[in-house]
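Listed in order, the protein sequences are those of chains A and B.
Residue numbering for the first sequence follows numbering that gives the first Met the number 0, starting at 0 and increasing by one per position.
Residue numbering for the second sequence follows numbering that gives the first Met the number 0, starting at 0 and increasing by one per position.
If you're looking for bench data, these hints aren't it; they were derived computationally from the structure.
Don't take each hint at face value.
Said to hold, decoys possible - Heads up, simulated DSSO-like pairs for lysine-lysine below, C-alpha to C-alpha not over 30 Å straight-line:
| # | chain 1 | residue 1 | chain 2 | residue 2 |
| --- | --- | --- | --- | --- |
| 1 | A | K73 | A | K52 |
| 2 | B | K52 | A | K52 |
| 3 | B | K52 | B | K73 |
| 4 | A | K123 | B | K52 |
There are 2 protein chains.
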Amino acid sequence: MGTGVARKISESTVRRLSLYLRFLEEFEEQGTETLSSEELARRGSTTAAQVRKDLSLFGSFGKRGLGYSVRELKSTLRRLLGLDRAWRVALIGAGRIGSALFAYGDFRRRGFTIVTVLDTDPDKIGARWGSVRIQDAEGLEEVLRRESVDIAILAVPVEEAQRVADRVVDAGVQAVLNFAPTQLHVPTEVALRDVSMSMELEALSFALTTGNGTGP
Amino acid sequence: MGTGVARKISESTVRRLSLYLRFLEEFEEQGTETLSSEELARRGSTTAAQVRKDLSLFGSFGKRGLGYSVRELKSTLRRLLGLDRAWRVALIGAGRIGSALFAYGDFRRRGFTIVTVLDTDPDKIGARWGSVRIQDAEGLEEVLRRESVDIAILAVPVEEAQRVADRVVDAGVQAVLNFAPTQLHVPTEVALRDVSMSMELEALSFALTTGNGTGP
Chain A
0 MGTGVARKIS ESTVRRLSLY LRFLEEFEEQ GTETLSSEEL ARRGSTTAAQ
50 VRKDLSLFGS FGKRGLGYSV RELKSTLRRL LGLDRAWRVA LIGAGRIGSA
100 LFAYGDFRRR GFTIVTVLDT DPDKIGARWG SVRIQDAEGL EEVLRRESVD
150 IAILAVPVEE AQRVADRVVD AGVQAVLNFA PTQLHVPTEV ALRDVSMSME
200 LEALSFALTT GNGTGP
Chain B
0 MGTGVARKIS ESTVRRLSLY LRFLEEFEEQ GTETLSSEEL ARRGSTTAAQ
50 VRKDLSLFGS FGKRGLGYSV RELKSTLRRL LGLDRAWRVA LIGAGRIGSA
100 LFAYGDFRRR GFTIVTVLDT DPDKIGARWG SVRIQDAEGL EEVLRRESVD
150 IAILAVPVEE AQRVADRVVD AGVQAVLNFA PTQLHVPTEV ALRDVSMSME
200 LEALSFALTT GNGTGP
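Construct the entire structure; sequences and hints are all you get.
Structure below.
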């Protein structure tokens with residue numbers, strides 16, 4: 000794994016960095032060249048102090064009284080988030096969620112290219128999705144190694160998710176994005192994100208039930 | 000909004016409650032009747048102290064030395080998360096992501112029923128998805144009111160997301176699950192969750208780049 004930022008950065012900080020990057024892109028499209036932490040905070044429904052604190056984690060960017068250069072800050076955030084390079088992504092599971100993810104244009108725009116799709120269904124294996132041919136998940140480890148996959152997206156049934164995750168990790172993949180509604184176990188050196196649509200809905204039903212906000 | 004838990008509960012606590020519930024269901028399927036906080040912690044890769052702290056937010060459940068009754072704790076968590084009732088959900092956007100969400104069985108199992116689907120595409124309006132007919136999003140407010148929608152899922156293009164969110168809120172819906180890759184503005188009394196697949200990938204590329212874990 001790389002070096003760089005030594006401190007442990009919280010999940011919500013990383014999420015805010017991703018959001019700041021999106022806001023900066025919006026501001027740039029509108030022709031804005033410099034920006035104060037107040038303006039960035041307003042766009043993100045947060046405080047200027049929070050913005051300054053987040054950005055100061057990575058060194059000092061703004062010039063006192065002049066604000067941030069949109070172009071510079073954007074490029075720094077892209078570098079911090081690892082978006083100044085291309086990432087090779089394997090999509091495991093060619094079902095409905097897999098196919099929606101494959102078609103999701105925002106991935107490619109961000110430098111995440113799905114270089115291989117795998118499934119166990121004989122009716123799907125061999126089919127073409129764009130420039131990619133669906134591979135037999137039987138040979139998962141070999142495909143992941145051959146394609147030099149950086150990140151695996153798991154869009155498999157919940158009963159299979161842990162077993163597939165184990166194989167992905169065995170194949171040397173260091174980052175997993177899991178869409179099965181469970182919590183996977185991976186070694187601590189492997190980065191894991193779980194996206195559970197039903198847990199998101201539960202956060203909303205919790206909020207509706209208790210009148211409790213669920214902000215970060 | 001309801002009353003109940005007075006303190007503000009963090010997003011990550013609610014997420015852990017959702018996970019505990021899933022683990023309890025697993026344990027119950029395996030025939031386990033009582034459980035210690037240690038066992039629950041081990042399943043969730045967390046600490047027993049964390050489990051006890053989370054659960055104590057809602058009153059004391061465990062009997063000293065006897066652990067938690069799986070059935071009781073499960074039912075308490077379901078009630079806390081608002082899963083002891085049915086929620087009426089509108090799906091706005093019948094594209095690829097919308098259709099994957101519609102087919103997602105886990106929603107219905109959790110008590111979230113998609114009672115209406117809306118889109119602006121004339122080719123889609125009127126089509127049947129299961130027992131639901133796709134409605135013209137032109138009449139969004141009326142449909143949401145007529146169907147007594149509790150939660151709106153937004154699976155619309157990013158350029159339209161804020162405008163649609165404003166209309167949903169105007170129609171009186173108090174909870175929004177947003178799949179467009181942006182941060183929406185809604186009044187503080189409206190519960191909002193953003194699911195951004197590309198931001199999840201960015202959290203992974205950040206971790207791969209910096210060697211920084213992104214745990215909660």
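message = Please list, smallest to largest, the hint numbers that this structure does not respect.
response = Structure breaks hint 4 only.
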